[in-house]
Amino acid sequence: MKLNSPMEVWKYLPGTNCKECGEKTCLAFASLLMERKKKLEECPPLFEPKYAEKGKKLAELLAPEVREVEIGIGERARKMGGEDVMHRHERTFFNRTVLVYDVWDTMKEEELRERVRKITEWKKFYVGEFLKVDAIAIRSVSGEAKTFAQCVKRVAEETDFPLVLCSFNAKVIEEGLKEVSNRRPLIYAADKENWKEFLGIAKRFKVPVTLFSPDLDMLNSLAVTFSSAGIEDIVLDPGTYPEGGGLEQTFSRFVRIRRAGIADGNKGIAYPLIAVPMTAWMVHGSKAENALAASYWEAIIADLFIIKYADIMILHSIEPHSLIPVRTLVANIYTDPRRPVSVEPGLREIGNPTERSPLFVTTNFALTYYTVESDISSNKIDSYLMVVDSEGIGVESAVAGGQLNAESFKDALESFKVEDKVKHKTMVIPGLAARLSGETEDVTGWTVLVGPRDSGRIPGWMEKNWPPETVS
Amino acid sequence: MEKKITLEDIARILDRYDVVELEDVKIKGDVELELSTGVAIPPSVVQALQSMMGVQKEGISVVSEEKGIEELELIPTKFEVAKTEWNGQIEEVTIGATSADGGTREATVTIGGEKALPFYNFDHQTPHPPVISVDCFDMPISLAKAVREHYEDVMEDPGEWAKKNVREFGADMVTIHLISTDPTIKDTPAREAAKTVEEVLQAVKVPIVIGGSGNPDKDPEVLEAAAEVAEGERCLIASANLNMDYERIAKAALEHGHVILSWTQLDINAQKTLNRYLFKLGVPREDIVIDPTTAALGYGLDYAFTNIERMRISALKGDTDLAFPISCGITNAWGAREAWMKDSPIKEDSDWGPSVYRGPLYEIMTGLTLGIAGGDMFMMMHPKAAGAVKRVTQMLFGAKEAEDEGKKVRIEDWVTWK
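Each protein sequence line maps, in turn, to chains F and D. Start counting the first sequence at 148; every next residue gets the next number (my numbering). Start counting the second sequence at 4; every next residue gets the next number (my numbering).
A portion of the hints provided could be inaccurate.
Each computed DSBU-like pair below joins lysine-lysine, with the alpha-carbon atoms no more than 35 Å apart [as the list claims (entries may be wrong)]:
id: 1; chain 1: F; residue 1: 434; chain 2: D; residue 2: 86
id: 2; chain 1: D; residue 1: 86; chain 2: F; residue 2: 203
id: 3; chain 1: F; residue 1: 184; chain 2: D; residue 2: 320
id: 4; chain 1: D; residue 1: 350; chain 2: F; residue 2: 572
id: 5; chain 1: F; residue 1: 434; chain 2: F; residue 2: 353
id: 6; chain 1: F; residue 1: 611; chain 2: D; residue 2: 148
id: 7; chain 1: F; residue 1: 149; chain 2: D; residue 2: 320
id: 8; chain 1: F; residue 1: 293; chain 2: D; residue 2: 421
id: 9; chain 1: F; residue 1: 204; chain 2: F; residue 2: 158
id: 10; chain 1: D; residue 1: 86; chain 2: F; residue 2: 226
Pulled a few chain D residues facing chain F out of the computed Cβ check, cut under 10 Å [what the hints assert, rightly or not]:
id: 11; residue: 76
id: 12; residue: 78
id: 13; residue: 94
id: 14; residue: 162
id: 15; residue: 282
id: 16; residue: 416
id: 17; residue: 417
Label pairs and their calculated CB-CB ranges [claimed, not checked]:
id: 18; chain 1: D; residue 1: 220; chain 2: F; residue 2: 568; range: 32 to 38 Å
id: 19; chain 1: F; residue 1: 503; chain 2: D; residue 2: 345; range: 30 to 36 Å
id: 20; chain 1: F; residue 1: 192; chain 2: D; residue 2: 346; range: 24 to 30 Å
Calculated directly from the structure, the hints in this document are not laboratory data. By construction, the Cβ of each residue, glycine as well, lies at the ideal position given by its N, Cα and C atoms.
With these hints in hand, go ahead and build the complete structure from the sequences.
Here is the structure:
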């Protein structure tokens with residue numbers, strides 16, 4: 148995107164404040180355009196002849212620096228690329244890395260269906276929502292077109308996740324595509340040998356295509372050639388070397404390609420990038436005793452390229468110890484850094500609390516708040532949660548830094564009028580704030596119970612400690 | 004807007020493909036190009052023209068039919084990208100002193116000196132690989148199961164603990180945390196804590212980090228006593244922060260020849276302020292390392308990552324208040340419940356699997372992520388995690404001794420891997 152402020156966007160809008168977009172002013176619409184929360188099409192006047200020239204120019208100026216490519220259809224469709232910045236603090240990264248997990252065409256049917264189910268059903272609660280993974284890659288290990296097509300068919304029956312069809316053999320890809328041509332799978336991959344066949348397939352089936360070459364001149368050539376043949380839904384694979392100098396070079400390639408696309412404005416290479424952390428398994432081998440080491444190394448490669456510019460990646464380990472941190476890192480890096488760190492302080496009701504229900508205390512650091520809130524509500528504990536203003540800092544740091552102290556508890560009790568709702572005058576403070584308990588009792592006159600150090604242990608803590616004598 | 008293309012441009016392109024003459028070509032105005040059917044020019048030239056003129060779907064198409072594709076040729080392209088040159092450079096800081104410099108360490112550790120973002124060797128070679136300092140404590144502490152099993156035999160003896168960190172876990176440095184000095188824990192007197200520091204200095208020959216308990220009232224006297232007994236060893240004193248008598252700690256470090264860790268909490272401006280206070284107290288630039296705070300994966304790592312990345316970029320752009328090597332307390336990763344808790348407290352979650360597998364990966368990924376943001380030094384705890392972060396950062400640094408198994412792998416074969 149070449150525009151830096153809503154005012155700059157506004158200059159290209161009709162400026163009539165006609166409200167057809169649903170916003171009160173063109174300026175409000177302009178700022179939502181910048182945030183990609185509205186689309187140009189929502190401003191019909193812009194397509195009238197009078198404004199058409201401006202509209203066309205604006206579309207060009209608003210286009211992301213890295214092309215946005217979509218795989219899959221419907222609710223499960225995922226956007227890749229579409230990025231405008233090299234560092235998330237410069238604005239935000241828009242489309243989180245698409246996490247793809249593999250199956251292969253030599254798997255037995257039951258084994259295959261089971262693995263697909265595991266991938267698609269996996270979920271993990273995090274900051275107010277359930278994290279899931281995104282897509283399934285089907286590898287042609289057999290090299291047989293029919294076997295591959297059969298496998299693709301089975302996977303497609305089992306799930307509506309977007310698919311990546313993987314083989315360097317165009318015939319195999321084509322047979323597979325016939326099964327799922329209406330589902331907009333990504334095909335993998337054209338290289339310097341097979342590219343003509345892949346170009347033909349991509350054109351005929353209108354599906355996004357991966358181009359593979361660790362030689363960046365060749366990769367750029369392939370991209371320019373496909374683009375000039377009218378194919379723009381391209382994903383680039385500069386190769387993922389799992390170890391040693393190869394890994395250093397891979398890191399370098401990802402950074403330089405993205406830099407050429409965003410900073411240097413080289414449109415010929417400004418496409419989404421794919422990484423294959425799965426190559427870690429080729430070094431460590433598939434034997435059971437090496438699986439843990441391989442899954443660790445795969446996660447390490449994933450870590451590198453989640454941060455440095457992979458828009459989609461293919462992984463093998465579906466063990467929880469891999470899935471949880473890898474998916475969490477994606478959530479962390481692709482969170483909008485402009486999102487507030489803190490939530491509004493106040494007294495929250497969880498479930499249907501009465502005046503005898505427990506009063507838990509936490510800080511207004513968003514992560515802490517959402518964690519505590521979900522731990523209490525998921526375990527169906529009717530209670531009050533007093534969210535104290537710690538200037539958006541977590542419990543442990545706020546106690547060390549003085550943002551959370553006996554006075555802040557007192558202020559919260561008073562300003563939220565807690566005594567109107569909680570009659571037992573007993574509060575449960577976080578275990579990490581234990582050192583404040585004595586002083587808080589002195590300052591507030593309330594009884595202070597020290598809760599567990601982790602709110603996940605509140606249910607167990609309740610069994611032993613609630614209700615206390617002060618309440619019953 | 005369409006790109007304008009001049010006759011000169013066309014001539015240049017044709018020249019590049021050794022086309023001497025074009026027949027049956029009419030050029031009208033300055034953007035339109037019409038080709039009569041059956042023109043004998045290579046498809047690649049047509050493609051190149053199209054590409055330069057931004058013509059795609061409509062207009063001339065040589066690939067609307069399969070036959071057209073057969074005739075296509077790759078458009079030769081050279082991938083080029085600009086180097087990024089920065090004005091600033093990170094301070095180079097050496098921790099530890101050998102006998103030549105009045106200490107008793109067998110080796111020293113140097114960090115910092117960067118002129119580019121971490122591992123952007125294509126801009127400027129990263130001067131030093133990141134270093135790892137493995138934690139030990141002055142009393143037995145509660146640890147996650149996965150960590151505890153490695154230290155159970157040495158927890159009562161900080162000297163033995165430090166030795167194990169170096170001998171068995173390959174630590175570049177050792178951090179001794181004097182947590183028992185906290186008045187709410189054991190309130191160990193400063194003088195006694197200083198003896199522990201002496202013990203650790205005797206036990207190992209690597210440079211050491213001396214950490215307090217984090218109690219802002221007690222730390223100044225504890226670290227002062229520690230700095231005194233460690234005179235000449237050029238330890239890293241951890242740490243000075245704005246909520247305590249940092250002046251006393253800084254003066255002790257200065258007087259006894261140590262490096263000081265300047266610690267702030269996820270706040271660039273606070274970091275600049277504290278560093279400026281240290282300058283005012285006369286602390287030389289080469290005696291400062293900063294700790295902008297580490298948050299665990301899933302528990303604020305995004306803030307820590309961006310905070311460090313922003314500081315490093317500001318420093319490279321020339322902000323000398325921030326141009327210092329960065330230390331990260333990666334052991335904080337174990338604060339994430341996913342690192343140690345047996346099962347998920349959230350009933351709807353998929354199974355979490357064994358916690359002993361999750362924990363080390365939380366530590367590894369927290370460390371590596373902050374390494375990519377700008378971390379120069381990692382304080383860590385789980386031996387496998389420390390080893391893995393060391394190994395991958397060595398590779399990214401470009402160490403010659405880093406094994407190169409990767410080269411033996413034909414990477415595109417992942418597709419058919421069994």
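Hint check results:
1. F:434 <-> D:86: The given pair, whose Cα atoms are some 43 Å apart, is violated under the 35 Å limit.
2. D:86 <-> F:203: holds (33 Å)
3. F:184 <-> D:320: holds (33 Å)
4. D:350 <-> F:572: This hinted pair holds, its Cα atoms lying about 31 Å apart.
5. F:434 <-> F:353: violated (39 Å)
6. F:611 <-> D:148: holds (24 Å)
7. F:149 <-> D:320: This hinted pair holds, its Cα atoms lying about 23 Å apart.
8. F:293 <-> D:421: The given pair, whose Cα atoms are some 19 Å apart, holds under the 35 Å limit.
9. F:204 <-> F:158: Within the cut-off at roughly 11 Å; holds.
10. D:86 <-> F:226: Roughly 30 Å separates the two Cα atoms, so the pair holds.
11. 76: It holds, given that the least Cβ distance between residue 76 of chain D and chain F is near 8 Å, below 10 Å.
12. 78: holds (5 Å)
13. 94: violated (22 Å)
14. 162: violated (28 Å)
15. 282: Constraint on residue 282 of chain D not satisfied, violated at 23 Å.
16. 416: holds (7 Å)
17. 417: holds (5 Å)
18. D:220 <-> F:568: 32 to 38 Å: About 36 Å separates the Cβ atoms of residue 220 of chain D and residue 568 of chain F, which means 32 to 38 Å holds.
19. F:503 <-> D:345: 30 to 36 Å: Distance hint for residue 503 of chain F, residue 345 of chain D holds at roughly 31 Å.
20. F:192 <-> D:346: 24 to 30 Å: violated (57 Å)
Hints 1, 5, 13, 14, 15 and 20 from the list above are not met by this structure, while the remaining hints are.
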